[in-house]
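The listed protein sequences correspond, in order, to chains Z and Y.
Mind the numbering: the first sequence is residues 1 to 402 in this note's numbering, read in order.
Mind the numbering: the second sequence is residues 1 to 402 in this note's numbering, read in order.
Warning: the hint list may mix true and false statements.
Same chains, same label: a pair holds when it works inside one copy or across any pair of copies.
[What the hints assert, rightly or not] With a Cα cut of at most 27 Å, we get these calculated DSSO-like pairs of lysine-lysine:
hint	residue 1	residue 2
1	Lys141	Lys114
2	Lys128	Lys63
3	Lys114	Lys269
4	Lys60	Lys128
5	Lys128	Lys141
6	Lys60	Lys185
7	Lys114	Lys63
8	Lys191	Lys241
9	Lys269	Lys330
10	Lys286	Lys302
11	Lys302	Lys185
12	Lys60	Lys220
These are computed hints drawn from the structure, not numbers from a lab.
Keep in mind it's a predicted model, so treat the numbers as computed, not measured.
There are 2 protein chains.
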Amino acid sequence: MSLIVQKFGGSSVANAERVQNVARIIAETYRAGNDVVVSVSAQGDTTDDLIEKAAEITQKPQKREMDMLLSAGEQMSAALLAMAVQELGCPAVSLLGWQAGFITSSNYGAARIKTIRTERLQVELGRKNIVICAGFQGICKYDDVTTIGRGGSDTSAVALAAALHADRCQIYTDVEGVFTADPRKVEGARKLNEITYDEMLELATLGAQVLHNRSVEMAKKYNVELEVLSSYTNRPGTIVKEATTMEKMLVRGVTKDSDTARISVIGVKDIPGVAFHIFSRLAAKKINVDIILQSIGRDNTKDISFTVSRANAEEACALLHGLDITAGLKIMCDTTVSKISVVGAGMESHPGTASTMFEALYAADINIQMIATSEIKISVLIDEAAADRAVAAVHRAFFPAE
Amino acid sequence: MSLIVQKFGGSSVANAERVQNVARIIAETYRAGNDVVVSVSAQGDTTDDLIEKAAEITQKPQKREMDMLLSAGEQMSAALLAMAVQELGCPAVSLLGWQAGFITSSNYGAARIKTIRTERLQVELGRKNIVICAGFQGICKYDDVTTIGRGGSDTSAVALAAALHADRCQIYTDVEGVFTADPRKVEGARKLNEITYDEMLELATLGAQVLHNRSVEMAKKYNVELEVLSSYTNRPGTIVKEATTMEKMLVRGVTKDSDTARISVIGVKDIPGVAFHIFSRLAAKKINVDIILQSIGRDNTKDISFTVSRANAEEACALLHGLDITAGLKIMCDTTVSKISVVGAGMESHPGTASTMFEALYAADINIQMIATSEIKISVLIDEAAADRAVAAVHRAFFPAE
């Protein structure tokens, strides 16, 4: 007998029919002899509808009250899902964040899970109940309801699995697992059977949008074995775990991230402290910088380029214009770029990966603007217009049609 | 400085505009120097919508899960109302049933309030916060969410007022107070400035539909001064309190209750235990009997008539058909009757009240089928088709046009 934690997102429970479908998955897992704990998101558009309701009242809702409002969404879906499971003849009980013991920090709207007091969960499991937890929520030391912020439902599930020492944490989504590229866009994209936490983190960061980074980081920290799978098909998904027993595969996937802008400062004085002045200022404004590239310029000057998300591009440029060190210099901002990356733990011992990627881009006549590498990924910045073509070309190079 | 508890029903907060209107009432009360605690219902049709959602999943939802589901309704309205009050510049905090300390019995769906642990409420009031409580909900000894059942929001408000020793409990509704008759139907119906708890109880029972009986009973028990008033007009309502200082008024109101059916058994043997056999059987099936009338029949037999709500009429008849004591007897059921009542604490010392009522009905050519009296009310059963005419005639007799 195993203890399985299952997470179902908003689209998986968007209406009665889907709730009943999810209930069947849960009941099947339970009837196979497992203890089952579920973390469920709010149904479909519920959260957006509630945000709109608040906007009709005030443009600046207090975060505490937003958490009170939004947490009702998961409360409703948890109750409905418990009913659907009971309707299938399985004992079930829904629990809110405070009942399931989710103790969080008190920064409303983006609370961190501090601990899960599992007493009530253990009692319900001891009664052989399927426990349906309202995801995304907890309580803080003031006994106020909090929400866990972006990726909160995935993170709730992983935290449950860690606290209960679950044998597996299944994240049900609308895709069948983690793919070598976006299967809707890249012909020949393949589902991975396994992937490491680190690879998954790189893929998530790079726009694969399957699992939220916070949840993968937590899974890695507590060594929770994750499975990403679809609630619509009855097929095995992708297992995310430590590398030990994994199949050897050079590259795990090819991703595209178009939420990126390149900013360049031309002709900065070549003196110490230039990078510090620029990037500390950006950090102070909480602007995340991704790729950084510093080139040798002329006449004791250099050029510095970096990428930020498009939403931050304008503010970043304005900041640079206000710095002494870049005053009067030419500052360029290009928001028509995309970042293409290949990710794979195998590549660190295979120097040929980069050249395979570059060759594929060259053969497709695509110009590379910037390059950044880490131990398990290679990213290039290219013209956005060529991005889909680039992904297809690179993917074909690493995953030739069989 | 006073402590005021205010209750707002679902129609008073049905949309953003009405929420903002209610927030203005609250802010005005607060700015007049009062401490304010609010009990709010779910918005408009929210509860019905949630019941329908559950019905799409299962025809027999567990009550525990229904409470989990439905309590989200008040949670959302409480958060939205707190935002609206904050938007007006007043400090406010929303609290769920468990946060406000509502400890209830564990009969889900119809829980009774056992106590209110006021620590958190006192803390928030000490911070000069307006406290917006989600009405209708609490938690039981198992730390499960419960709902308080019919009239729960009114009862929540009165319980808050009792626990906090509030100076007044204001029940905001869509009518301006308690009237001598239904103002939508009876010309010349007048708003009462004051009424006693007992009179209010009789009026509520008889279909005035302003305050739920449970809340009035609790108000009487804990001597909470109630005020019934409209959230749409800025006018004083009706005060409900002990009789001591009240204006002397013979009759408080005239009411009509059409949810009534008359059942008659003709020719029951005139032996001891007949009434016991009939009514204990009805009680065992939880069928409430209102007026009972036993008349002398012929040949050592008697006729027994009583009224039940229409929903229970068929079951009551079936029960009677199955009794030994009424086997083979003629059992009649008339579901086209209405009960007309006059209520007033003054009438017990004024024997003329009954005759004034009967005279008014006689003058209007309306036949009386049954009569029942108590210390503070007189009820008659008449043909439903004549009910509105009867109310108008009786009301005119006690409240002549000025």
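Hint check:
no.	hint	verdict
1	Lys141 - Lys114	both (10 Å within a copy, 26 Å between copies)
2	Lys128 - Lys63	between (37 Å within a copy, 19 Å between copies)
3	Lys114 - Lys269	neither (46 Å within a copy, 75 Å between copies)
4	Lys60 - Lys128	between (44 Å within a copy, 21 Å between copies)
5	Lys128 - Lys141	between (30 Å within a copy, 21 Å between copies)
6	Lys60 - Lys185	neither (39 Å within a copy, 45 Å between copies)
7	Lys114 - Lys63	within (19 Å within a copy, 32 Å between copies)
8	Lys191 - Lys241	within (16 Å within a copy, 72 Å between copies)
9	Lys269 - Lys330	within (13 Å within a copy, 110 Å between copies)
10	Lys286 - Lys302	within (25 Å within a copy, 89 Å between copies)
11	Lys302 - Lys185	neither (39 Å within a copy, 87 Å between copies)
12	Lys60 - Lys220	neither (37 Å within a copy, 42 Å between copies)
The structure fails hints 3, 6, 11 and 12 (numbered hints given earlier, in ascending order).
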